[in-house]
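Trainee: Please construct the entire structure, taking both the sequences and the accompanying hints into account.
Here the protein sequences line up with chains A and B, keeping their order. Going by the working numbering, the letters in the first sequence line up with residues 1151 to 1581, in that order. Going by the working numbering, the letters in the second sequence line up with residues 1151 to 1581, in that order.
Among the hints, erroneous ones may be present.
Put simply, identical chains are the same to the list, so a pair is met inside one copy or across any two.
[Unchecked claim] Below, a list of computed lysine to aspartate or glutamate pairs in the DMTMM-like style, where the Cα atoms sit at most 25 Å apart: (1) K1264 - E1565; (2) K1526 - E1550; (3) K1396 - D1560; (4) K1198 - E1260; (5) K1559 - D1503; (6) K1524 - E1498; (7) K1524 - D1503; (8) K1552 - D1166; (9) K1198 - D1217; (10) K1531 - D1373; (11) K1152 - D1448; (12) K1152 - E1207; (13) K1178 - D1161; (14) K1403 - E1573; (15) K1157 - E1188; (16) K1526 - E1394.
Don't read these hints as lab results, they were simulated from the structure.
Protein chains: 2
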Amino acid sequence: MKISPVKGTRDFYPTDMAVRNFIVDGWKKVSLRNGFEEYDGPIFEYLKMFQIKSGDEIVEQLFSLTDRGGRDLALRPEMTPTLARMVNQRINALSRPIKWFSVPRLFRAERPQKGRLREFFQWNIDIIGVDQTTADAEIIFTTIDYLRQTGLTPQDVKVRISSRRLLAAVLKSYGIPADQLDALYAVLDKKAKLPIETFEQMLSEQVPDRQTLDKIVTFINIDSMSALEDVIQAESEEAAAFSEVKAVFATLKAMGVGDYCIYDPSIVRGLAYYTGIVFEVHEAGGELRAICGGGRYDNLLRDFGGPAISATGMGMGDCVLEILLREKGLLGESIAQKRLDYFVAFAEGYGGDTVYRIVAELRSRGLSAAFSYKAKAGLSKQFKEASAQNAGKCVIVGDEFKDHKLVVKDMTTGEQVLVDYDEFLSGLDTT
Amino acid sequence: MKISPVKGTRDFYPTDMAVRNFIVDGWKKVSLRNGFEEYDGPIFEYLKMFQIKSGDEIVEQLFSLTDRGGRDLALRPEMTPTLARMVNQRINALSRPIKWFSVPRLFRAERPQKGRLREFFQWNIDIIGVDQTTADAEIIFTTIDYLRQTGLTPQDVKVRISSRRLLAAVLKSYGIPADQLDALYAVLDKKAKLPIETFEQMLSEQVPDRQTLDKIVTFINIDSMSALEDVIQAESEEAAAFSEVKAVFATLKAMGVGDYCIYDPSIVRGLAYYTGIVFEVHEAGGELRAICGGGRYDNLLRDFGGPAISATGMGMGDCVLEILLREKGLLGESIAQKRLDYFVAFAEGYGGDTVYRIVAELRSRGLSAAFSYKAKAGLSKQFKEASAQNAGKCVIVGDEFKDHKLVVKDMTTGEQVLVDYDEFLSGLDTT
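Mentor: Structural data, given as structure tokens:
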């Protein structure tokens, strides 16, 4: 019986797994050095939990299942609801700031397309319990710290930063009623994804007054902090929000990553739950969809039945990132290669126990070692096996072993040396 | 709205996650040094795939779901079917031996109990394409190599090794028909789990003849290789199977792990698909259920629509293992602690850009660093934050920074030294 994998999922053969590990290990390393602690939750949760943040529409995009008791469950499509649940459960025991990261496997029951699969990994970093914009800057810095260490430069990627609070104040000053904001955000969020005519058409449905519409379009086309500063009214709600944006840019500059960052008021993020600084990372060329996005969401914990505690975070999926790293030549072939420290070979008439003993000895010292399972393989066949496994060195057990000596062959240079077995063991690099 | 997690799943708070990482990282490290390559598959597969190996009963124990097209899917309850599917898909392209490992997250829709949850992790190692028992010994050695490096000794755990092929030959010589074997294996597998009377009652239902039953009970009570050797008839099918068992023990002895291993013919493994050497690891006291189990399964790839290729492997879950490691005191408290290389603090009147710059500098050198998000925190509050995050050292930015100098405080000894900033940076250990 022949079986295929489900569409939109991935099989990770060793070469694919090596790339996945390269990405995930990088996320983990950068999270730790930026002072985040790792957490995780279950793959499935009660379905209703995912409706709190994203409404009933989300149900359409979920893989749902039921348990024995007939309760409705769903595979997690994002990590933030689980984070909110977990933090609320222990809110009094957790010391603040809570600075957590996770690399969950997530699921979306959508039609698969380039950079968007039904099953994927997503790096999440969040800081909970800090009102100051330093935390927003810290989230953005950590994001850039990862991108930079993969080799992506400010010429490759741009962090587009904006403020929901500033946008709300500006729109309010243009006479847009507060209850219209969420619907307007949803339209503004589409700016980069739509032809300009379609975008302005959609916008005019929300904002029929031509003059107001022009003002909005002018505002979201501002492309620098200095241009922004020119339009901000002193001592207004706008001015307070603007000073937050300025502080974030100043911190990022001090941290040495200012050249990755630009101000872009058209970044609004679709979801209603963002409340302050928001950002997205895009390829500088701008062809791929967003590499990641995030921002401040000060009301979410309360929406999940907890206290009002501020929070800011970021999520980055592996699919678009991998496409970008591959295009930029930042996934070297060496990543995907199996590597062995030693292959233990034997000459005719030898093998067996001595080989097993040496292999076990090497492994117990933390070195990777293998041998041929074919008891009668000739030396040249064994060398082929060693090469196929990319062994750095071959140890050869032969006549010399009567004098307690081994031949060690460097598989790169081909050089062979005769060494005393005890000296060989005591000279091994251990990990 | 308050939401709880689903019963039988786990929330991994940072201290729990540290333990999970300790276990999983150990599995990965040992797999690599034993020459295995990592792979993974999707979390869900077509439901029918899981019925091939385990029959229709398995459906009861699965979390099932459907995709948009109404196709029946299931969360994976084990890894072997995915392994068989993936290997078969590329059977001609993969160089042999295929020596793969994986650490999948698995799911069972059972009632949760101690050591058995609905969602868990399982270490899988498999060697495909090797007929020789060296591969069986290699699987058992790798299993022990992991257990040994956690600190578990031969006094703590025992690897109980047996042979399905030998058992089949012995039962045949007692007159048991071949088509009765699978049903008999299922009963024999229960020996250790049932009171002796219940076990013999169940056995007598399969084997009504008292004399045959006594012979079987005598055979499965053999507890050493020498006692086994005494009952083996020369030049029989038994003798051939016995020589395989002997070879496995000899290899394991040569590899230095003979004292972990005992012969135990009552180990049969429940599943029909095992064909040769089988084994389980149990706590020496024998109170917990099996820590892991495995064996040779030469027909599985063919059952999954591929060619007839031999295979042998092992699976170890994280739940029972964690209980055992905890009981033996092998999960030190230090595992679960957040650790920070540096906390960058500031004296009154300082802070801001200089702090951000130093933090970023430390992180870019691979060191973990953090600072207080409270712009006006006093030094003693900052030291408390540093201690809460278990920082090794504090860097203090104060008056001395006018002369380009910093105070570095060792948080363990309390010792403080004044250092030049450039010398401090050039003297950092980098990773």
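Trainee: All hints, please: hold or fail.
Mentor: The hints, checked one at a time:
{"no.": "1", "hint": "K1264 - E1565", "in the structure": "neither (47 Å within a copy, 56 Å between copies)"}
{"no.": "2", "hint": "K1526 - E1550", "in the structure": "within (19 Å within a copy, 72 Å between copies)"}
{"no.": "3", "hint": "K1396 - D1560", "in the structure": "neither (58 Å within a copy, 35 Å between copies)"}
{"no.": "4", "hint": "K1198 - E1260", "in the structure": "both (19 Å within a copy, 22 Å between copies)"}
{"no.": "5", "hint": "K1559 - D1503", "in the structure": "within (21 Å within a copy, 54 Å between copies)"}
{"no.": "6", "hint": "K1524 - E1498", "in the structure": "within (12 Å within a copy, 71 Å between copies)"}
{"no.": "7", "hint": "K1524 - D1503", "in the structure": "within (14 Å within a copy, 64 Å between copies)"}
{"no.": "8", "hint": "K1552 - D1166", "in the structure": "neither (44 Å within a copy, 52 Å between copies)"}
{"no.": "9", "hint": "K1198 - D1217", "in the structure": "both (14 Å within a copy, 19 Å between copies)"}
{"no.": "10", "hint": "K1531 - D1373", "in the structure": "neither (64 Å within a copy, 40 Å between copies)"}
{"no.": "11", "hint": "K1152 - D1448", "in the structure": "between (51 Å within a copy, 18 Å between copies)"}
{"no.": "12", "hint": "K1152 - E1207", "in the structure": "between (36 Å within a copy, 21 Å between copies)"}
{"no.": "13", "hint": "K1178 - D1161", "in the structure": "both (22 Å within a copy, 19 Å between copies)"}
{"no.": "14", "hint": "K1403 - E1573", "in the structure": "between (54 Å within a copy, 23 Å between copies)"}
{"no.": "15", "hint": "K1157 - E1188", "in the structure": "between (30 Å within a copy, 22 Å between copies)"}
{"no.": "16", "hint": "K1526 - E1394", "in the structure": "between (73 Å within a copy, 17 Å between copies)"}
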